[in-house]
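*Asks:* Chain by chain, the residues:
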Amino acid sequence: MRCTIAQPTPLNSIETREHDIHNQRGRARVQSLADYKKRGNRRWFPKRPAEASSESRSTSSPTDASTPPPDAEQLVGIEQDPAKFTPSHTRFQRGSSSIRRRFGPSDLPSTPLGGALYVATPVHEEDDCADSDFYLLAKAYFDCKEYRRAAHVLRDQTGKKAFFLRCYALYLAGEKRKEEESIELEGPLGKSDAVNRELTSLENELSKQRKNETIDPFGLYLYGIVLRERGREDLARTVLVESVNKYPWNWSAWSELQSLCSTIDILNGLSLKNHWMKDFFLGSAYQELRMHNDSLSKYEYLQGIFRFSNHIQAQIAKAQYSLREFEEVEVIFEELLRNDPYRVEDMDMYSNVLYAKEVFPALSYLAHRVFMTDKYRPESCCIIGNYYSLKGQHEKSVMYFRRALKLNKNYLSAWTLMGHEYVEMKNTPAAVDAYRRAVDINPCDYRAWYGLGQAYEMMCMPYYALYYFRKSVYLQPNDSRLWIAMAQCYETEQLRMLEDAIKCYKRAANCNDREAIALPRLAKLHGELGSFEEAAYYYKKDLERMEAEEREGPNILEALMFLATYCKSQKKFEEAEVYCTRLLDYKGPEKEKAKSLLRGMIAAQSGLSSTEAEHFPP
Amino acid sequence: MAGNLKSGGAYALTPHKVALCALMQIYVPPAENAAPTPFSSVSEHNGLGLFLLSLTKSCDSVLEPNLDKLINQLMEIGGLVNQWISQHLTCRLSALSTPDDLFNLFSGLQSVLGGNGARSGLDDSILLDPNSQLGIFVRRCVLAFNQLSFEGVCHLLTNIGTYCKKSHASCSTYQSRQDDDFDNASEELMSFEHLLFGKVSENLAAETKAWDGFVFHLHAPRSLFRLIEGSKALSGLDHDKEKGFDVSSSTDGLGTDDYSGSFFLRTNWQVQGYLREQADLIEKHGSSYPFNAFESVLNQLKNLAPELHRVHYLRYLNSLYHDDYLASSENLLRYFDYSAGAEGIDIALSSFPGMSFGRYEIALLCLGKMHCHFGHPKQALEVLSEAVQVSQQHNDDTCLSYTLAAICNLLSEIGILSASGMIGSSTMLATTFGSSLSIQQQLLVLLTRSLKRAESLKLTRLVAANHLAMAKFDLTHVKRPLLSFGPKSSSKLKTCPSNVLKELRLSSYLLSEFGSDGAPLTIDGAFSTTWLKNLKKPMASSIFLHENEPGSRNNTFQFGAQPSPIHGSVLHLAGSSYLLRATAWELYGSAPLARMNALVNVTCFADASSAADVELGYVKLIQSLAIFKGYTEAFNALKVAEDKFISISKSRIQILKLQLLHDRALHQGNLKLAQRVCDELGVLASSVTGVDMELKAEACLRHARTLLSAHQYGQAAAVARSLFFMCHKFNLQVENATTLLLFAEIHKRSGSVVLGLPYALASLSFCQSFNLDLLEATATLTLAELWLSLGSDHAKRALTLVNRALPIILGHGGLELCSRAYMAVAKCYLSDPSFSVYDDPEIVLDPLRQASEELEVLEFHELAAEAFYLMAMVFNKLGRLEERDEAAASFKKQVSSLENPHEEDLISARPRKKFRSF
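So the sequences go chain by chain: Z and W.
Just so it is clear: in the first sequence, position 316 is 316 by the UniProt record's numbering, and no numbers are missing.
Just so it is clear: in the second sequence, position 252 is 252 by the UniProt record's numbering, and no numbers are missing.
Heads up, some of the hints might be wrong.
As the list claims (entries may be wrong) - In silico DSS-like links for lysine-lysine, alpha-carbon gap of 27 Å or less:
1) W:LYS165 - Z:LYS178
2) Z:LYS593 - Z:LYS568
3) W:LYS729 - Z:LYS176
4) W:LYS877 - W:LYS796
5) W:LYS629 - W:LYS892
6) Z:LYS524 - Z:LYS426
7) Z:LYS571 - Z:LYS587
8) Z:LYS357 - Z:LYS391
9) Z:LYS176 - W:LYS892
10) W:LYS639 - W:LYS629
11) W:LYS302 - Z:LYS409
12) Z:LYS409 - Z:LYS145
13) W:LYS302 - Z:LYS406
14) Z:LYS572 - Z:LYS540
15) Z:LYS506 - W:LYS378
16) Z:LYS406 - Z:LYS375
17) Z:LYS178 - W:LYS629
18) Z:LYS503 - W:LYS378
19) W:LYS69 - W:LYS165
20) Z:LYS145 - Z:LYS406
21) Z:LYS571 - Z:LYS591
22) W:LYS378 - W:LYS729
23) Z:LYS406 - Z:LYS178
What the hints assert, rightly or not - Derived Cβ-Cβ restraints for the label pairs, each shown as a range:
24) Z:TYR301 - W:GLN392: 54 to 62 Å
25) W:ALA710 - Z:TYR474: 46 to 54 Å
26) Z:SER182 - W:ASN292: 28 to 36 Å
27) Z:THR238 - W:GLU295: 57 to 65 Å
If you're looking for bench data, these hints aren't it; they were derived computationally from the structure.
Just so we're clear, the structure is a prediction, and the values are computed from it rather than from any experiment.
Yeah, the Cβ is synthetic: ideal placement off N, Cα and C, and Gly gets one too.
With the rest of the complex left out, here is chain Z (with noise of 0.2 Å):
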């Protein structure tokens, strides 16, 4: 089992820190920015210090999957020395010596230029003298992963760098304890609650630092951290906007303060300067909140400027595929994959594509990809997951979810895919505890509240089953197979509540109904009962529909049927004619009765035209 500790971010901006103060190179970054910005030159790309930030996401907050980690690439698509880029460099390396690559010798002491924009990095002078063995001493155990040994080297230290690494070693190692005991713990009702000791402590600590100004935006990122984890949500979020706000890079702290954004008002309510790395977390954010529009038109304003930003891509990938534009998705992760082809992240939403596309070679070569590179991650397991269930071995299949879900229990999507496993297995009890645990880790997730009203759907609990569809319908007010769902609930058997189903299918048809359900239900249902005008209204609609989209099928028999006597019954023989002549071109029982039709009316029409002449003798 993978462990969820991992390196943490604010190091790495700890480490370009170090090079802010001896090189400058963090002024030469912002300056060059300035430069980039007058200069309008679009092959610039910042690049961004916080790359390990999905695995420390992870580690700060264990609990919260439910938000997709964000991406641990470079914002920049530059080209990368492979010379310099090798395993043993540490992540850490790799961020400065490419800022070293880039800015090398040529850097300005000057402050930056972007006024109240862009905020500078913070200078530490003591900085200078902090640097000490002691530190450097504690820097290597915590990179050996002692993070206690670390701290206990730097009990005496006084520099802010020191003080941060101090209090962050102190955290991760009450982080690794309680990942530990959580699992030696386990009760027979399930976990009991463990938690990080070290909250109470770290958080008398960073608060006294805080009072007396003596905080950097580590400290205060740090002290963010452990305020969420201690419930105090309001103040945990001003101290993550002060963080961001005085270092803009940590975008471990962006992605914390975005996970405390659960509404939009929360959202506006944030005063944050106005820095560039605000639209990336905007754009996260509106995903987050289920906005995808904003969100895409967010990130696709940010790749204008990140042009080869793989980060950006998959993001709007991800927002399309919750517009649900599959053609989009897939070329944009096959373009992804070329370019990064070792990439596993975001790459169950890929899966997921080509499972709804059916794409069985596709996704088997992707599931054999990932599995390579690293098989213990919750998306490889999900993706070999979604393979087995594509193939129709469902008991595999919830294996591999089961085994995702080990590695990360708020795997969110693997629950709601568990679920689906279990529904195609008839083990409805199974499923409807899978789906569930989705709604609880997440409330919001329609696919779960969409699959709940579906299995009890399937056990003739219609009625109840109603509460589900109509939490999720209110989730996805837009999605027209939820409203489907619905009406066909109502429509059943047991319930006949046809009146419903007909608004349901009413709004199904307005939401961009692709499967063409809603109209001829409507259609029929308002034939049924007996409202022939709205019927005939519904066919013509789906008539005109199926037309225009060259669709053929039993509908447009059924349609073509209807209108035909509907118009003849309401004397518009004209019509009635053109409907029939239609139907001629069909074989089957139709055609007859259309010709029988067509005789009846010229009959009619015969013996009116008749009569008339009848009455009135020329």
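Chain Z is already provided as a structure; the job is to place chain W on it using the hints.
*Replies:* For chain W alone, kept in the frame of chain Z given last:
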């Protein structure tokens, strides 16, 4: 019970259990060290044993007690010995410093157990039977320890460390640790906590004050406290305080322990028992149950045991009885999503386990009941018929019969216009009945079917409840043959009181049967607690006698009182059967019997039946008080009842208050007030059609009466007409009779007497067919009055009518009815041309005197004035001037108080103001 949990057998070893094990070793000293036992007497030794036993069984809270608590309890039980024991225990626990110590402890524990091992032959050594409760406890602990991984042992060790340390730590330290748990408002929290502690200590102080009454509160373990609760309730003491104490002490547990994992759940079995008990309590006390406190306990429980889904069910119950629709539906669905209906519902036990499907029909049943509770008849019916289908599909007969009973309940309680719209949609009901039957006939069919089903499944409680429902149905419905043709169509169209009583008797008979076998009900937790209580009693009393001679002498007999072996829900049913008897006698017109039955319910079943039932009993008693003793006494009684039931939502007491106020206002002629009160009464009813029909009918009736007293005959008639239509539509036959009588009254007062006669006669025939004897007498009286006002020719006929009704009126009628009858008698004589006052003045004067006295008590000024007027006239005729003047003066007084009711307003305003503050 716990078998449904995923790993029900797993047993977490906690410091508390280790402490118990250490105590166990003291209780059963190892034979090889021949040290003398610390016990000076056998009873002391037994005391410790019983204490240990009760600790392993009690389910009075979720969390295990900390060391302090344990030691306190230990100290309270015995004297010096226990001091020694507790010291020994502390030493023993704090001596555990390495994993090896623990290992030794548990390997030593094995020797405690006897059985068929080698040691069984040894003489003189006390051994635990491995199959006894304590033996099983020890074995489980040993097993759990043996299964423990090394990490687990380490955890246990640290936990024992904190467990011991905590007992030394003072209050302030853990408060300071606690402070940073919540928002910045740590000071607030502190003060809150002080408040909490203050409350607890206050309560403790209160308990101390009550030394005379229940001394051993302070000395007995907590579970003993509950035992007294029952007797307290019986003696009419305040429930709320006790309950407040209960919950505050559990939140106290929340506050004092911080997050560091130093509190532990009791065993599954105990927690489930606790939850079950709480569920019973919630259902019993309804909305007066402390919502927030229990919610926090549940929250904690959910954190500690996320797989214990019962918590969601308890949450559902809690929010259901506090009228939170959203939360209750949310929690109900969540509970069933997780548990698939397989965990923790009584009826789940009786059917075979291991069904793969899950029991979602129970979810439907519960959801249906929830809708019933919230007054959504349409949804309820829809859900329940779905439940019928699903349980048929899965052959769940038990659930099916419960569902049928629920549907019956729904149909009988809520007026449903036509079943075709709703039941028609569900195929099952429609096909079995055909749509031709009326809703009442459907109800009857359902009732009989449900009864039969329950009988065949031997669901005793359900059978009893169904008998009650049947009795209720028989009470207000004429049984008509389902087929309208054939030889049977000539049967009498009458309700059958003997049937009602038969059903009622059958119901209670079944319950007494039930008390003897009792097996299906008294399960796990509930059983263990009652059993535990039984056990503790003699122990507590004996200790008490040794310890506190002076204090205990008075109440030793209380300890000996056996608690009822019958389960609470059975008693509840029995209690409600008495209520139903009271209602039946009320309708049939026997005041003493009605009163007696209500009294039986209130006195004998107060602790077992739900708060709503007890409240209804009180309401009935107060109503009869108002009718027979006048308003002053009724309002006095009302005040007592109000204090008792103030926290209940949808309070019947409130309705009763409005009714009484309205009656009095009408009698006093304070029509404005009457109208206002009447309007407020109408507002209390739900706005959904078919729900709260009785209340709506009542409000309507009272409105018409008010208009009648204001001489607005046209409007009164219009209101009465709409009322009649409503009653007819929803088949409220008893109300129909009353409405017809009201029509007669309106016509009588408006002077169109001839028109009133048919209404009175119709009402009379209604009363006859429903056996409403008292109402029949009233109708007869009204008929007589109508005849009387037709002219003096009919006085003789009127007199015979009144005389016919007189026995039952004087026997069972209230003040108003009696005085009206007296007046009628007097008037009959006076208007009879062949009657002369001079021959026998007392024949007129006596009833008039009676009537005036009763009317004065009733404060019915208008009628009283009339009585005094007649009296004065008679005296005038007789030439008894002095008495005439006296009567005239009284007449004047009555008239003046009728004309300015504001004098009386002071009295009526006081309760009104109070009512406003609701």
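*Asks:* Work down the list of hints and note, for each, if the structure agrees.
*Replies:* The hints, checked one at a time:
no.	hint	verdict
1	W:LYS165 - Z:LYS178	22 Å, holds
2	Z:LYS593 - Z:LYS568	13 Å, holds
3	W:LYS729 - Z:LYS176	71 Å, violated
4	W:LYS877 - W:LYS796	22 Å, holds
5	W:LYS629 - W:LYS892	24 Å, holds
6	Z:LYS524 - Z:LYS426	31 Å, violated
7	Z:LYS571 - Z:LYS587	26 Å, holds
8	Z:LYS357 - Z:LYS391	13 Å, holds
9	Z:LYS176 - W:LYS892	93 Å, violated
10	W:LYS639 - W:LYS629	16 Å, holds
11	W:LYS302 - Z:LYS409	17 Å, holds
12	Z:LYS409 - Z:LYS145	24 Å, holds
13	W:LYS302 - Z:LYS406	21 Å, holds
14	Z:LYS572 - Z:LYS540	14 Å, holds
15	Z:LYS506 - W:LYS378	25 Å, holds
16	Z:LYS406 - Z:LYS375	13 Å, holds
17	Z:LYS178 - W:LYS629	71 Å, violated
18	Z:LYS503 - W:LYS378	20 Å, holds
19	W:LYS69 - W:LYS165	13 Å, holds
20	Z:LYS145 - Z:LYS406	23 Å, holds
21	Z:LYS571 - Z:LYS591	21 Å, holds
22	W:LYS378 - W:LYS729	17 Å, holds
23	Z:LYS406 - Z:LYS178	16 Å, holds
24	Z:TYR301 - W:GLN392: 54 to 62 Å	60 Å, holds
25	W:ALA710 - Z:TYR474: 46 to 54 Å	51 Å, holds
26	Z:SER182 - W:ASN292: 28 to 36 Å	29 Å, holds
27	Z:THR238 - W:GLU295: 57 to 65 Å	29 Å, violated
Comparing the model with each numbered hint stated earlier shows that hints 3, 6, 9, 17 and 27 do not hold.
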